[in-house]
Amino acid sequence: MKSDQAIKLLNDEGLRLDGRRLDELRPLKIEVGVLKNADGSAYIEHGKNKIIVAVYGPREVHPKHLTLPDRAIVRVRYHMAPFSVPERKSPAPSRREIELSKVIREALEPAILVEKFPRTAIDVFIEVLQADGGTRCASITAAAVALADAGIPMKDLVAAVAVGKINGKIALDLNHLEDQYGEGDMPVAMMPGLKTITLLQADGIFSKEEFKQALDLAISGIQVIYRKQREALKKKYEKMIRTVTGGGS
Amino acid sequence: MKSDQAIKLLNDEGLRLDGRRLDELRPLKIEVGVLKNADGSAYIEHGKNKIIVAVYGPREVHPKHLTLPDRAIVRVRYHMAPFSVPERKSPAPSRREIELSKVIREALEPAILVEKFPRTAIDVFIEVLQADGGTRCASITAAAVALADAGIPMKDLVAAVAVGKINGKIALDLNHLEDQYGEGDMPVAMMPGLKTITLLQADGIFSKEEFKQALDLAISGIQVIYRKQREALKKKYEKMIRTVTGGGS
Amino acid sequence: MKSDQAIKLLNDEGLRLDGRRLDELRPLKIEVGVLKNADGSAYIEHGKNKIIVAVYGPREVHPKHLTLPDRAIVRVRYHMAPFSVPERKSPAPSRREIELSKVIREALEPAILVEKFPRTAIDVFIEVLQADGGTRCASITAAAVALADAGIPMKDLVAAVAVGKINGKIALDLNHLEDQYGEGDMPVAMMPGLKTITLLQADGIFSKEEFKQALDLAISGIQVIYRKQREALKKKYEKMIRTVTGGGS
Amino acid sequence: MSKPEKIIPLIQKKSIEALLEKGERLDGRSPTAYRSVRITVNAIERAEGSAIAEIGNTMVIAGVKMSLGSPFPDTPDKGVLIVNAELIPIASPTFEPGPPGEEDVEISRVVDRGIRSSEMVDLSKLAIIPGKKVWVIYVDIYALNHDGNLFDACMLAATSALLTTQKPKTVVENNEVKLLEEKEPLPIKTRPVSVTFAKIGSYMVVDPSYKEELAMDARLTLSFSENGDIVAVQKGLPGYFSYDEIMQALEIGEKISRDIRKHLPPIPTSASND
Amino acid sequence: MSKPEKIIPLIQKKSIEALLEKGERLDGRSPTAYRSVRITVNAIERAEGSAIAEIGNTMVIAGVKMSLGSPFPDTPDKGVLIVNAELIPIASPTFEPGPPGEEDVEISRVVDRGIRSSEMVDLSKLAIIPGKKVWVIYVDIYALNHDGNLFDACMLAATSALLTTQKPKTVVENNEVKLLEEKEPLPIKTRPVSVTFAKIGSYMVVDPSYKEELAMDARLTLSFSENGDIVAVQKGLPGYFSYDEIMQALEIGEKISRDIRKHLPPIPTSASND
Amino acid sequence: MSKPEKIIPLIQKKSIEALLEKGERLDGRSPTAYRSVRITVNAIERAEGSAIAEIGNTMVIAGVKMSLGSPFPDTPDKGVLIVNAELIPIASPTFEPGPPGEEDVEISRVVDRGIRSSEMVDLSKLAIIPGKKVWVIYVDIYALNHDGNLFDACMLAATSALLTTQKPKTVVENNEVKLLEEKEPLPIKTRPVSVTFAKIGSYMVVDPSYKEELAMDARLTLSFSENGDIVAVQKGLPGYFSYDEIMQALEIGEKISRDIRKHLPPIPTSASND
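Protein chains in written order, with my numbering: chain A, 1 to 249; chain E, 250 to 498; chain Y, 499 to 747; chain B, 748 to 1021; chain C, 1022 to 1295; chain F, 1296 to 1569.
Hint data in this document are derived by calculation from the structure and do not stem from the laboratory.
Heads up, some of the hints might be wrong.
Some, not all, of what chain B presents toward chain A, calculated at C-beta under 7 Å [what the hints assert, rightly or not]:
(1) 856
(2) 977
(3) 985
No more than 16 Å apart at the CA atoms, straight line, and that leaves these computed lysine to aspartate or glutamate pairs for EDC-like [to be verified]:
(4) Y:706 x F:1546
(5) C:1154 x C:1197
(6) C:1034 x C:1045
(7) E:457 x C:1266
Chain Y regions said to be covered by chain C (calculated; three or more residues, Cβ under 8 Å) [as the list claims (entries may be wrong)]:
(8) 552 to 558
(9) 574 to 580
(10) 619 to 626
A quick note: this is a predicted structure, and the numbers were derived from the prediction, not measured.
Glycine included, every Cβ here is placed at the ideal spot set by N, Cα and C.
Start from the sequences, fold in the hints, and give me the full structure.
This is how it looks when you write it as structure tokens:
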């Protein structure tokens, strides 16, 4: 929808340019605890997206007047490295990055037990090292894992994926090309265990029927991502156990 | 004086392009209390100028260290909407807007009994929706009414008008065209009841005689504007009375 | 080294374009106490560099949270006037000015007995009125004198000069042309009495031997500058004595 | 412009929820009732298009300025649309002067998406010399009084201003663009309308007032094109929605959008631009 | 750069007023006496023009840089003049580092108006290829020591720098501008001078010192061209003037401006630019 | 991005010095021992060059983007190199979000000087149409984990990214630059390496850890080209060095630079650009 050029994004067998079926996720890899200084951290490769997330907190807030008496404030900085995109991006935050920082924060915050840490801040710093469509969703997926890695008590993880419309069909997990030449894009984040939607955006044109179909597809994709998140956390946990009990790295 | 092109701004009968005499004001309309949230507000149409003013205060100041122990601080923001002028203006404040915010503040402040409200702020927000020459003066005229509408105690209202020189003659209340192609512009604000001048600026070339003539003309125009201000306030006051006593809107 | 054009910076007698020997300083003039408001001030002409320095402090710090409980903070602002260079410079601080403010501060601070004035600030404001190569060094030389003039207790003065490489030879006190067309530039600052180096930078290409030779040359130049600094301070001191005892200006 | 923390006493939130349990709201509306909408167009003669949109006591002004400029490198054959909303301190004691903050940016971008995704303005008809000279449309939106639901009010003001915009006709002579005296409207294909829901506790209401916004946990803005398609969605605030709540909002929102659209100026005819 | 609140004890203001009642001032001057003026030109060889202006202990430096550039779209046949004054923290303990604040901006604009309104520099002679290439004149003014009346000091420094500016002659060959070695002065028509008054309580003084400025309620700056015409006026600060006070200032100011003008460099001759 | 004041208890500084007196360090290294260096190249396929550099637990990423642009007016026949380092808050609890502060700027400029002075990249081979079209090289460096010695880590990441950069070949046809599919490396002449020393009390150590940096009085960064020449020096922090300390650092640093250089990618061959 962002470009008029009609591009064939599906072949005659209904497969996508990268060989995926319409309901298939891109390869997904999550690593936990990749940064030494951060209280929690995660690195995600989702398709060709490469994103690193650091969590600091709960910690003191400067300046003091930003604190809340009954809960922690959550601060999120979503930033794209200048070299993450085909044309170098200025390092100064764009309007897009300002909006995404806000909606990502509002997608994560419902899962965090902020009332446990009054007068503190929980900081989530996201750096997109390489972008390939769906960076806000991959950022949320990684940030939730980093929050858990930091030991922040949460109601549930938050997992996210974008669905969209390409050549008239609803497709899961759009890559950059599909995002650019498709007819619609809908990022969705959920607390998968609680079945609640914490991020929902869309642009493009969706009929009511397509919208429902897209949301259903997103929810099914999110379940897969949720599993990967828990596996990544479990792996780190097991590794820690092994390390502690002398099992080696 | 801002352009070399010699433009005939007066016809053979000595009337101006918009049909006015040299000592004639443009049509003037003032409405009081046009905004629900503001403590006081006014809308002015002065010629084709359309300006809205909101007053908030006296209210608490953040940050605290800006307060004064013995009086209220007055803050003024004069801003032009991007669509108020022929060529779109950037929404960021220009040097002109910074200067005008300052001189408008200094034109209003002598009338406000600031010592009645120590450690508070009185905020005057001016948005020029359409500009047609003389916006600073129309802003002052409207702001004084909005301050009164907010119930801020004042020594007097402040009324303002620009005089200038067109085709060698001193003229009252220049419009945009006369401002651009005239030979001089002199904005004047007064507390009309107290006969004191609270804003005086000029550019262009005025002989001493012309300067005196211009100032005299401004003062006479200001008296007319002062009457309109009081009528607008009275109208609102009567309306309130009617509303309170069940007289309908 | 900043330009490829091979320019002959030394004549056949080994003299430089301005007639100096390789180990010769440019003319140097230091005036103390040139500004009335500042607690201390100095004006330096070093070659065609013309730089004025004001020192304010020790004084209160705003905002308070910047203070240190056990010592004064030193703040330095190095700024070039837009008309100080051949092509007008934007008045906003450049990255170069930000770096130089930092290294000049770190060159001066070792000499200042900061622990004598806890919870205060010592402000050093440097304005380059005309630039001719070596402005950071001339700024340091003048700033040290201005600090002394302000009565700030110091371990020693700080004196500075740049050495460099022109046409393959190590030369003292590069001017603008030699800086631009030479093969290397090395600014050095010292507390000359204490023989300690408080600023050292270099760019260009120096062999280890050249580096040592350059540093030795800088140190010898610094001793001359140090003498000029003390003379300038003494002159002012004598003048003060004369004034106080009625000896006239 | 950043807003200071808006605090609402817990007791007030509880009383709003207690009312909602009975299907009632503070101002007497039903949960699905939208406040009265009023559109005033052409308020600013100097702008190429302008409109004041009011939803109850919420008031917003939008102005459209058209100028000739260069296309974006990746869309050389299209006009340029730039939407800029500012929550100026005139509108609310909680708005502060200063450069646009994250709330201003979010509204700007959501209005922009509603207009752009719906293809309301046929930007491909606004390239005069493709790759070189195109029309640049600036839509500047200023909040004047904030009594809740600025998202919808900004969308209404922006679309109404675009619907009534008159731009000069152009001719190209020797690769130079000449502006003619004669005016024509923009090439408009559809009139998108946004409908915003607030979730307060476990209840949903449409078109929240300012007091309801102070109590709301999450916000959902749905934009619909003329034929009922969804063209933009934005969930906001640190709360969440269930699947059913979203589907319900979709049904209700689409109906309400039809009612609101009746207040909009009609799609201009003869919008040919060739 | 913004200044911290300048506070003066009430008692000090009262003592200044008590003196003024007797027609006296803190530094012994009469109310209409201007301090000694000193102009030093060509201090900065690297600038095309430069001057240091001193009024008593107040000291200001101005530098002029000339470059070739594009004209403003609305004045294609004129050169461009840009005036920028900065109250840098060197000059006063009350000035702080940072981008120009409202005081810097006000001074810049008042100096600019004095130069521009008087048509001191004949900008129409500075268009080399009208509509394409014109001379751009930057006048940058830096306060060095603030002992009151920076408005007049900045004006003096700026005009003196312009009066002594030497720019390269130019020739146009094949629509390209060539700068020649030979220099010439700017085309100057008049030498505007500003005179600033302070109102303290009910008294007026000319050329206020820093201590008087701390006590002043209102400020009035009047700029006069060579023939005594008024070319710029600026009232400042939250006080006011009576009609008679302004008329009086006009009379006195015009006389003083003639005295001050004697300190300025002469109008350069052979300023032809064709 | 500015850092909050980093405070170290005096007792900790004293204990570091006590260890140093015995020739020992907190992490068991000798004063002249560098931590393990690890370079990972081509991590970011989308960039023309990229590298992650690790020194112990310090981790930095650099990416190179190449684009066509205009040369600087004073070097019309050379490509343009722009180095930008940012100490983003991911890397340390002491880094804060916001525009680059003086520490970011200092690192950017020291890395830039190391690359530029050594003539690592032959910029004269990157002018495609001299005076008109040249290659612009952006090197963006982001700190990911700060455990001391970011200067060297940023330098390692930047040079490694440049060494592995692949840019499109170009042809010029009718004065237009055409990018070819075929890629080629940058024209590289040498591989500069920086070695940073910390002075703590009266002791010097190489490659300070974060804890050592908290205790350090002064910092010295020396950059060496392949043949051992000094190409950039930067003393930092409000401490000082003796003449002998600097000469000693020069000897040791040059040796260490040879060891570190072994971890760098090789100089690419066939870097001809004509």
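Hints and how they fare:
1. A distance limit of 7 Å between C-beta atoms decides the matter here; for residue 856 of chain B the minimum to chain A is near 5 Å, and the interface restraint holds.
2. This hint holds: residue 977 of chain B has a C-beta 5 Å from the nearest C-beta of chain A, less than the 7 Å allowed.
3. For residue 985 of chain B, the shortest C-beta to C-beta distance to chain A is roughly 4 Å, which falls under 7 Å, so the interface hint holds.
4. Straight-line distance between C-alpha atoms of residue 706 of chain Y and residue 1546 of chain F comes to about 9 Å, which keeps the hinted pair within the 16 Å bound.
5. For the suggested pair residue 1154 of chain C and residue 1197 of chain C, the alpha carbons sit about 9 Å apart, so the restraint of at most 16 Å is met.
6. Between residue 1034 of chain C and residue 1045 of chain C the CA atoms are separated by roughly 14 Å; this keeps the pair inside 16 Å, and the hint holds.
7. With a C-alpha separation of about 14 Å, the suggested pair residue 457 of chain E and residue 1266 of chain C falls inside the 16 Å cut-off, and the hint holds.
8. For the segment 552 to 558 of chain Y, the stated coverage by chain C holds: 3 residues have a C-beta nearer than 8 Å to a C-beta of that chain, and at least 3 were required.
9. Only residues whose C-beta sits within less than 8 Å of a C-beta in chain C count toward coverage, and the segment 574 to 580 of chain Y has 4 of them, enough to reach three; the restraint holds.
10. Counting residues of the segment 619 to 626 of chain Y whose beta carbon lies closer than 8 Å to any beta carbon of chain C gives 3, which reaches the threshold of three, so the coverage claim holds.
Going down the numbered hints, you'll see the structure goes against none, and every one checks out.
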